[in-house]
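4 protein chains.
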Amino acid sequence: MAGSVFGTNFRVSTFGESHGKAIGAVVDGCPAGMKLSEQDIQKYLDRRRPGQSEFTTKRNEADKVEILSGVFEGKTTGTPIALLIRNTDQHSKDYSNIKDKFRPGHADLGYFEKFGFRDYRGGGRSSGRETGARVAAGAVALKLLDEFGIEVHAYTRSIGPVTISSFDPEECCKNPLYMPDKKAAEQAGDFLKDCIRDQDSAGGVVECIATGLPAGLGDPVFDKLDARLSYAVMSIGAVKAVEIGDGTAVALSRGSENNDELYMENGRVHKKTNHSGGITGGISDGGDIILRAYFKPTPSISRPQSSVDQSGEDTVIEIKGRHDPVIVPRAVVVVECMSALVIADALLAGQSARIDRLRI
Amino acid sequence: MAGSVFGTNFRVSTFGESHGKAIGAVVDGCPAGMKLSEQDIQKYLDRRRPGQSEFTTKRNEADKVEILSGVFEGKTTGTPIALLIRNTDQHSKDYSNIKDKFRPGHADLGYFEKFGFRDYRGGGRSSGRETGARVAAGAVALKLLDEFGIEVHAYTRSIGPVTISSFDPEECCKNPLYMPDKKAAEQAGDFLKDCIRDQDSAGGVVECIATGLPAGLGDPVFDKLDARLSYAVMSIGAVKAVEIGDGTAVALSRGSENNDELYMENGRVHKKTNHSGGITGGISDGGDIILRAYFKPTPSISRPQSSVDQSGEDTVIEIKGRHDPVIVPRAVVVVECMSALVIADALLAGQSARIDRLRI
Amino acid sequence: MAGSVFGTNFRVSTFGESHGKAIGAVVDGCPAGMKLSEQDIQKYLDRRRPGQSEFTTKRNEADKVEILSGVFEGKTTGTPIALLIRNTDQHSKDYSNIKDKFRPGHADLGYFEKFGFRDYRGGGRSSGRETGARVAAGAVALKLLDEFGIEVHAYTRSIGPVTISSFDPEECCKNPLYMPDKKAAEQAGDFLKDCIRDQDSAGGVVECIATGLPAGLGDPVFDKLDARLSYAVMSIGAVKAVEIGDGTAVALSRGSENNDELYMENGRVHKKTNHSGGITGGISDGGDIILRAYFKPTPSISRPQSSVDQSGEDTVIEIKGRHDPVIVPRAVVVVECMSALVIADALLAGQSARIDRLRI
Amino acid sequence: MAGSVFGTNFRVSTFGESHGKAIGAVVDGCPAGMKLSEQDIQKYLDRRRPGQSEFTTKRNEADKVEILSGVFEGKTTGTPIALLIRNTDQHSKDYSNIKDKFRPGHADLGYFEKFGFRDYRGGGRSSGRETGARVAAGAVALKLLDEFGIEVHAYTRSIGPVTISSFDPEECCKNPLYMPDKKAAEQAGDFLKDCIRDQDSAGGVVECIATGLPAGLGDPVFDKLDARLSYAVMSIGAVKAVEIGDGTAVALSRGSENNDELYMENGRVHKKTNHSGGITGGISDGGDIILRAYFKPTPSISRPQSSVDQSGEDTVIEIKGRHDPVIVPRAVVVVECMSALVIADALLAGQSARIDRLRI
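Order-wise, the sequence lines are chains H, U, Z and L. Read in order, the letters of the first sequence are residues 436 to 795 in our numbering. Read in order, the letters of the second sequence are residues 436 to 795 in our numbering. Read in order, the letters of the third sequence are residues 436 to 795 in our numbering. Read in order, the letters of the fourth sequence are residues 436 to 795 in our numbering.
Check before you lean on any hint, since a few could be wrong.
[Stated by the list, open to error] To give an idea of the interface, some chain U residues facing chain H are shown, with a C-beta separation under 7 angstroms as derived from the structure:
| id | residue |
| --- | --- |
| 1 | Ala542 |
| 2 | Gly545 |
| 3 | Gly551 |
| 4 | Glu565 |
| 5 | Thr715 |
| 6 | Gly716 |
| 7 | Ser719 |
| 8 | Ser742 |
| 9 | Gln745 |
| 10 | Gly747 |
| 11 | Asp749 |
| 12 | Ala788 |
| 13 | Arg789 |
[As the list claims (entries may be wrong)] In silico EDC-like links for lysine to aspartate or glutamate, alpha-carbon gap of 16 angstroms or less:
| id | chain 1 | residue 1 | chain 2 | residue 2 |
| --- | --- | --- | --- | --- |
| 14 | Z | Lys510 | H | Asp791 |
| 15 | Z | Lys456 | U | Glu501 |
| 16 | L | Lys578 | U | Asp791 |
| 17 | U | Lys707 | H | Asp749 |
| 18 | Z | Lys456 | U | Glu508 |
| 19 | L | Lys707 | Z | Asp749 |
| 20 | U | Lys534 | Z | Glu508 |
| 21 | L | Lys510 | U | Asp791 |
| 22 | U | Lys470 | U | Glu621 |
| 23 | Z | Lys470 | H | Asp791 |
| 24 | L | Lys456 | H | Glu501 |
| 25 | U | Lys456 | Z | Glu508 |
| 26 | U | Lys578 | L | Asp791 |
These are calculated hints, taken from the structure and not from any lab test. Where is the CB? At the ideal position from N, CA and C, for every residue including glycine.
Given only the sequences and the hints, what does the whole structure look like? Please build it.
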């Protein structure tokens with residue numbers, strides 16, 4: 436099964452395992468003539484990099500990206516952009532004691548049934564480490580969107596029971612939890628310390644906002660913009676729910692409340708509200724795109740858990756090694772990047788929607 | 436943009452507008468040798484059919500499906516199965532007074548920007564009517580899954596503020612709201628009558644459960660089984676959130692609570708709990724698959740709403756015509772069918788995952 | 436296996452068997468705003484229609500196309516265009532005596548091994564009848580290309596040993612063999628009468644020329660324009676060789692002869708020669724695109740042939756029924772249409788090749 | 436435009452330019468559990484490597500492949516196999532004098548129109564060097580096929596006017612032209628020396644034979660096995676014609692000659708002849724697959740040629756640098772690898788063709 440390719444017009448193919456030689460991505464379809472440097476990509480990878488605070492794994496990866504192709508004299512060439520990130524700190528021995536045991540909350544069991552083997556070294560391809568390749572590719576999409584005034588920003592909305600109650604975009608980069616609310620970040624930090632002490636882990640919510648999209652991106656049926664966003668965001672390991680706009684709350688709303696009424700201002704159509712989260716009927720409606728991803732707690736905990744092993748015996752597993760007590764802060768940039776990949780794909784796909792806009 | 440094809444190995448291409456001649460689907464990739472009749476498909480279409488109760492549009496469509504190809508002597512041939520449903524009751528004139536106005540909550544504005552025109556007759560391709568084609572195609576997938584003991588069932592979990600508090604599968608088909616709780620169905624009916632009287636509409640939640648899946652279906656990265664399910668379900672018009680398993684609640688959980696511990700019984704691996712909703716790391720884990728789709732209230736309401744028209748003038752719109760006060764009951768079978776399409780696709784894709792299982 | 440979808444941006448999904456209810460196509464990705472009527476399509480179908488001369492099967496099919504969707508008020512909507520052609524003259528009984536025998540030169544044996552059954556009624560999906568759906572879809576592509584001054588024309592270059600020696604485009608439609616050389620058409624007609632008398636069949640060559648393409652369509656690696664054209668044309672049943680430009684002759688040429696030298700005239704780049712057939716390095720070079728398809732003789736002949744049956748016994752087969760003694764004249768429009776599908780796809784794909792040409 | 440991905444179930448994504456840092460490929464969809472080492476791949480790359488004789492460019496590339504992912508403990512994991520080949524000998528300065536001139540017979544002009552720029556260093560992505568990535572990926576496909584007894588072998592059939600007249604498979608690897616006929620190889624060598632002296636270049640023909648395929652691989656309509664092979668082989672730069680089986684000769688044949696009659700022997704169906712080249716109606720028929728690719732002469736010749744430059748002025752170009760006087764010998768392994776990619780893809784796709792063969 437070939438499930439490591441994402442997108443149609445702006446297409447990404449990723450590769451790499453947690454404890455293999457490298458991870459990476461090939462971006463096919465980025466238009467020619469866009470300025471692109473390794474630094475444009477590196478700054479996003481740095482946000483995902485482990486080892487930055489007490490709340491992330493101690494694994495120390497430089498995560499330096501190398502552009503192998505697709506850029507000439509500082510500009511994209513229109514041909515595949517290959518991005519390589521070498522793994523440097525694999526510590527495979529950490530996994531030897533759980534080599535034959537299926538870790539609860541992980542893909543181990545299904546993976547073994549599907550492929551007939553299991554890469555016990557940190558999950559192999561199922562590891563969160565593969566998201567590094569998504570970030571590298573997403574950075575290229577973010578650069579493309581930026582050329583057209585489209586920005587995509589994500590941040591931590593909640594960790595465990597602690598939700599932000601104010602929004603200061605500057606604050607996001609100042610605390611290790613990427614929360615735009617300093618006080619909430621402190622409370623969340625305290626909560627996480629409790630989790631670590633309890634040999635336990637926490638979940639949380641990432642919110643992502645895209646601004647600057649014109650109305651008209653997306654498609655009316657299967658490839659609805661929100662459908663593609665859900666696909667992209669739910670494909671990030673540990674996400675168990677995705678909301679667009681008002682999300683689950685719409686089920687309790689009424690049409691008269693939920694509909695976004697329209698009006699003209701300065702010659703442009705505006706919406707009085709944005710319950711839709713910027714997408715109506717699968718097509719961007721000119722409002723900001725808003726989505727939320729709900730992350731489960733990190734499944735790797737050091738507490739003893741009941742499990743079974745590959746020979747079909749009951750066993751108890753204790754997962755040592757270096758694990759994030761919460762995946763959310765490092766996942767923020769992944770949500771941002773996956774969202775950008777979807778929007779870039781829709782932007783390119785939309786180029787051929789109308790005969791009066793075709794170029795030849 | 437070619438966004439009306441869904442799936443890779445079990446691939447569906449749909450067509451048709453609300454007020455065109457017909458809707459339909461072409462299913463490409465269904466294995467040869469499966470029994471299939473029009474009645475196998477018709478029974479699902481009948482569940483989606485309008486005009487069945489006071490809570491659905493009065494539009495009267497027989498929705499009779501015709502198999503045009505791909506079946507020979509009662510069995511599938513392995514070649515495309517074309518399914519045709521003629522539109523018979525279009526009432527185009529109902530839309531003349533809103534011809535130039537963008538309906539709030541609908542795709543109209545984005546559609547107009549994207550394509551440079553708008554099919555004012557009930558939304559054209561953006562109409563919920565296109566889901567009829569999905570149901571026809573999904574019925575084929577359901578038949579395929581059934582051959583392997585996989586069943587997919589959806590039902591209404593809530594309408595507006597009314598949520599089921601008991602579960603009787605027999606009851607689902609007895610009330611027009613497809614709720615498995617008779618009392619809740621009555622309360623929801625009362626609530627909907629209020630909505631109709633208020634010229635307003637309601638939202639709700641559909642839950643879908645798939646049983647009988649072995650562990651090992653799905654893929655570890657982009658084509659995670661839950662990612663594909665989210666893509667499929669979010670592509671149904673009016674869905675604004677999708678949950679798998681515990682869904683949004685996982686953000687408040689801890690690893691020690693959320694992980695599903697494993698044990699052996701009768702020679703098979705079992706899970707003590709099913710917080711994961713049957714999918715871990717993107718691959719089926721042997722538990723029942725559970726997902727929920729949150730539907731917004733029907734945007735077509737007859738109350739006056741502020742809007743703008745195609746010439747860029749402020750206006751007021753009152754949407755007459757025949758509209759469902761809630762989309763949920765008719766969407767139940769659509770969620771079921773879209774889920775089945777995803778699982779069937781994963782089932783076929785998985786055939787080539789292991790070299791020791793290849794046939795030649 | 437889902438092998439009935441062709442193209443990426445301009446995407447066609449076909450369905451239907453020789454002796455089923457209908458054949459048809461769904462065109463997904465055609466830009467919105469293009470004028471399109473059933474007559475635009477019918478005129479191409481009429482060229483493929485059987486029963487037009489003594490050299491084609493006597494099967495009498497009206498091949499009337501019905502546009503089911505994707506056109507509103509005479510223009511394309513940007514959504515799937517479904518095209519339906521009912522089968523009306525199936526004569527299934529003609530096939531009863533060969534029901535269990537594999538016909539030499541046909542797909543029967545491989546088909547049976549692949550799908551575990553066989554549609555003995557004229558080959559089912561393997562029948563040349565499926566090309567009717569390609570013609571319907573290709574007619575839409577031809578219309579799109581025509582809007583931009585690109586024309587695609589095919590004709591019969593040779594039948595058996597008779598090759599054209601002059602070229603009169605008007606003549607093509609005047610003789611039943613679609614040859615642009617009246618004298619050659621007469622000689623070919625005599626040759627075919629010999630074949631019929633001998634209970635035998637003939638092959639031939641179709642040549643196709645596309646004019647008006649700008650330089651710059653196609654892609655440098657796998658999706659070279661000539662690679663896609665070869666894919667498209669070789670997918671027509673009975674084609675066993677495809678040439679672009681000088682074709683097989685290039686193997687005997689030298690670089691100094693084969694290179695097309697460039698020069699300026701009237702402010703545009705021109706080529707002194709067109710050995711390349713309009714495509715260099717996979718990308719259109721501004722010259723006319725020229726390709727040739729070599730068709731094998733119709734495999735259905737009434738002479739006795741050695742064969743085997745489904746139970747694995749040696750047998751002798753005599754194929755009665757209504758068969759074309761040569762497939763070439765009716766295949767001319769199929770080559771034209773498949774070529775147009777490829778060029779239309781490249782035209783749409785090329786819309787996002789350069790950042791300085793993106794629209795938002 | 437995303438045109439660097441090939442295949443559906445066995446899917447390859449390639450990247451890299453002639454004078455960039457590296458070339459490479461990502462293979463997605465190879466089944467888990469297959470033994471694979473770098474040496475398995477290297478042996479094919481060594482056959483394509485330049486600098487091996489007086490008849491190939493003097494560019495000296497080690498072309499050492501590194502497997503970055505997808506292999507664990509010597510076996511494939513079912514996840515993407517990334518293959519990296521660093522460029523080590525680029526000599527960019529060779530191209531400075533032709534920086535602004537369009538080389539006749541090359542993609543330069545079309546490339547410039549398409550992408551708005553041109554990588555003057557050896558053609559960038561249009562260089563034959565990209566085929567190294569195809570060989571690396573194809574080697575994985577060849578290994579997979581070998582597990583099932585399917586072998587694919589290509590060789591030089593002719594160079595310029597010199598065609599083989601005998602066939603000794605051992606001889607292929609003994610002469611630098613990969614001809615299975617020692618005497619022909621000597622004559623072809625003499626012919627090439629003439630070409631070099633004349634500052635000219637030659638074309639030729641590669642023939643490829645695949646043995647061991649069962650009947651039943653391929654698809655009846657667009658994804659015919661021969662259509663996919665033509666697509667694959669024509670996508671190799673410099674190929675201008677592709678033949679399957681009797682190829683162009685079928686146009687002169689009669690049905691009674693061209694049909695391959697069937698008979699039983701040892702409980703299996705056999706064909707008396709193999710005019711079809713192993714594929715009938717798009718599906719393998721149990722015979723050897725036979726195809727031929729016709730290569731044009733290398734367009735880079737040092738003779739003065741008329742051309743134009745990017746500013747639209749007539750000019751004369753003389754191409755210095757290190758160029759193969761004939762591309763054929765190095766292309767042999769590329770044809771072999773591209774053919775293997777197609778067959779491997781069909782093999783995997785075919786796994787889900789019949790419901791009685793599905794596994795769950």
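Checked hints:
no.	hint	verdict
1	Ala542	2 angstroms, holds
2	Gly545	3 angstroms, holds
3	Gly551	5 angstroms, holds
4	Glu565	6 angstroms, holds
5	Thr715	6 angstroms, holds
6	Gly716	2 angstroms, holds
7	Ser719	6 angstroms, holds
8	Ser742	5 angstroms, holds
9	Gln745	10 angstroms, violated
10	Gly747	6 angstroms, holds
11	Asp749	5 angstroms, holds
12	Ala788	5 angstroms, holds
13	Arg789	5 angstroms, holds
14	Z:Lys510 with H:Asp791	12 angstroms, holds
15	Z:Lys456 with U:Glu501	10 angstroms, holds
16	L:Lys578 with U:Asp791	14 angstroms, holds
17	U:Lys707 with H:Asp749	13 angstroms, holds
18	Z:Lys456 with U:Glu508	13 angstroms, holds
19	L:Lys707 with Z:Asp749	13 angstroms, holds
20	U:Lys534 with Z:Glu508	14 angstroms, holds
21	L:Lys510 with U:Asp791	12 angstroms, holds
22	U:Lys470 with U:Glu621	39 angstroms, violated
23	Z:Lys470 with H:Asp791	12 angstroms, holds
24	L:Lys456 with H:Glu501	10 angstroms, holds
25	U:Lys456 with Z:Glu508	13 angstroms, holds
26	U:Lys578 with L:Asp791	14 angstroms, holds
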